[in-house]
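Chains as they are written, first to last, in my numbering: chain A, 286 to 398; chain B, 263 to 678; chain C, -2 to 204.
Worth double-checking, as some hints may not be accurate.
As the list claims (entries may be wrong) - With beta-carbon atoms standing in for the labels, derived distance ranges:
1) A188/C / A607/B: 19 to 25 angstroms
2) G507/B / R392/A: 55 to 61 angstroms
3) L335/B / R392/A: 51 to 57 angstroms
4) F21/C / G347/B: 20 to 26 angstroms
Hints are computed from structural coordinates only; laboratory data are not their basis. Quick caveat, the model's predicted, so the values are computed rather than measured. Every residue gets a Cβ at the ideal spot worked out from N, C-alpha and C, and that includes glycine.
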Amino acid sequence: MPDLQTIGLSHYLIVGAIMFVCGAVCMATKRNALGVLMGIELVLNGANVNFVAFGSDFLRRNPAYGIGLDGQIIALFVIVLAAAEAAVALAIVLNFYNNHSTVDVDRADELKG
Amino acid sequence: MTNLLYFQLGLPLALAHVIVALVACFLLINLIAVGALFFIWLERKVSGRIQDRLGPTRVGGKFGWLQTLADGLKLITKEDLMPKGADALLFRLAPYISFCASFCAFIALPFATGWVGLELNVAAFFVLAVLGLEVFGVILAGYSSASKWSLFGAMREAAQVVSYEVPLGMCVLVPVLIAGSMDLTKIGNLQAGWFTNWYIFHDPFTFVTFWVFFTCAVASVNRAPFDLAEAESELVAGFHTEYSGLRWSFFFMAEYGSMFLVSGLGTVLFFGGWNGPIPVADLLGLSASHSGVAFFIANLLGMTGFIFKSVILVTVMIWIRWTLPRLRIDQVITTCWKYCTPIAAVMFTGVVFWQALGIPSGGDLAPRLGRPAGASREGWLMPDAANPTVAQHGPAAHAATEAPTNTHTPTDPQTK
Amino acid sequence: MSWHALEFYFLALMACAFALAVVFAANVVRMAFYLILSLGATAGLFFLAGADFVGAMQLMMYVGGTLVLLVFGVMLTAQGPWVSIRTSGGEWVLAALVGGSLLAVLVPTAMRLDPAPNHEHAAVPGTAHKSENKAPDAKASTEPQTTRPTATRIGLGLIGAPTSGTSGYLLPFEAISIHLLVVLIGAAYLARPKRRARPKLVESDEA
């Protein structure tokens, strides 16, 4: 059980885990395409919390075991890639909406055999 | 100040932090509120003069300087209306979101050396980032009002703000590049001395950059001629069509707060911040020490200069609003992508070359008006220049934390 | 309880609570709003962990850019019936099962990790850190330069300068840049206005 008084790595990882799971559930249950997209953002963010926590020098007993700058840089890359992914996904959703006038992902079944 | 409370008065550290934070918040809220009162009065006077009227003349004496207070009283007594189909939670929250974003950005804006809510290493970036959040208040207001006019206004705002963040960020990068730091306090202090040290006079590229910055700043705080979100000739009143009373006034508090904020940012980045055109404090010998009464007075002088310069920029914004007609939405986007962004990119490249080739800057051309010795890179490639002018901390903080951020040896990465 | 812990719990609670709110909200605009708050709180957590550049980046790119785009998309498509689409109960049960088991795996794993650091007042990021915050067994030479501003370290890493034991990040940085360019072109291509069915031919036929 982690110490409640001083904040360590575990605290951050738990927050990351909760955000990740929320995102996964969100992706699974939402039928609105944009809702699914929001779930993805939450998942990526949960992962980002982990990266930053592992890369942080202030959360461990011995900073020498940390992954150093890698954590922050990967978090930055995730942020940038999330922006790119959102732009493409949004373009796809808008196209889908233009063609089918709905954003319900369950209606995207034209290719079903 | 935290150290004063913690070490000398013996308060718990958490309590000391809370007290310091509350004091900073109180000062900043007052600044925004009084600033808004003043700017609204100024706007009415300036617009009156531009349109050959007198503006307010009755409330509070000859110049009507209490007019805003009377307006505020009127707004408080108004009924708080909400449309029938509105999303109640978001409708109620939206004005506060706008205001919070505008307020939060002030946290990292320094008013003089060490006089800043929170010394952030990435202050310039932080201010830009938080300023961009203000758009959410507008978007949510537009959506939740259940009105077509509001929605159109919000959509325009979203497109405009996202677009203008690009050239604005590029323009902010230019002073950051020259200073080698994103710390606004450091950027301001690097321009100490005579006005020739200001980054706007650094080289021709920065001179152009400032005007691009200013254009983008006006656009990003939604002032005319870029106030498409509230174009009253087409959209009734845009995103705040359905608002009334106090909530409506919060939007305006946020708008005037942001105006002052971007003006302050421009002042720090291009006009030397608290370092006046003439280094009065230096000439009087007040800024020799980093603590004590002399330092306090020097800071006070600096802050006066800073606020004065910022108010001038706000006045220019007001002047522009009552002079230029509103652009169309396609013209707004064209201005951003076809003019501001390429110009900013070219200016950025130009400054890179100017710096790389070592061409003397404005401050170096005039020999006796040059900048004080020592440059501040954030500690790489150059040996540690313990810059005497870069005092990182306020009078109280400086005594306890003697380790500013650039006191490490630059060869560290290669030791392994 | 230290100030740092208090701040952490406040921000962590905000991030998790609004993440849950995103899951349970039915209205897509409300979802977007809760997501903004959740990600904003996460940015606060980053600041608290000493990653101030990543925190500011999160605010700027994620909250200020990506989410504005998302809300933009929501407003373009949120009309009438599509504002809130209900999910069937069976899906909820299934998702809750999967999510619950995932959480049941992740949380104990997180708890078994590195115990909390042993400094009393955990570091307040952004300020200069004193050396007693570090564990005494950390060798001085392998210690990362915590006093160095993170933005500079990140910048140096991105242009390929080796930082603290690892090689630089120039190659991933370039890969990401190319990726961004491709995405930019792709998104613009996808979202381009559709051409009407050969308007020029029709004109020439009439002529």
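* Which of the numbered hints above does this structure break? -> 2
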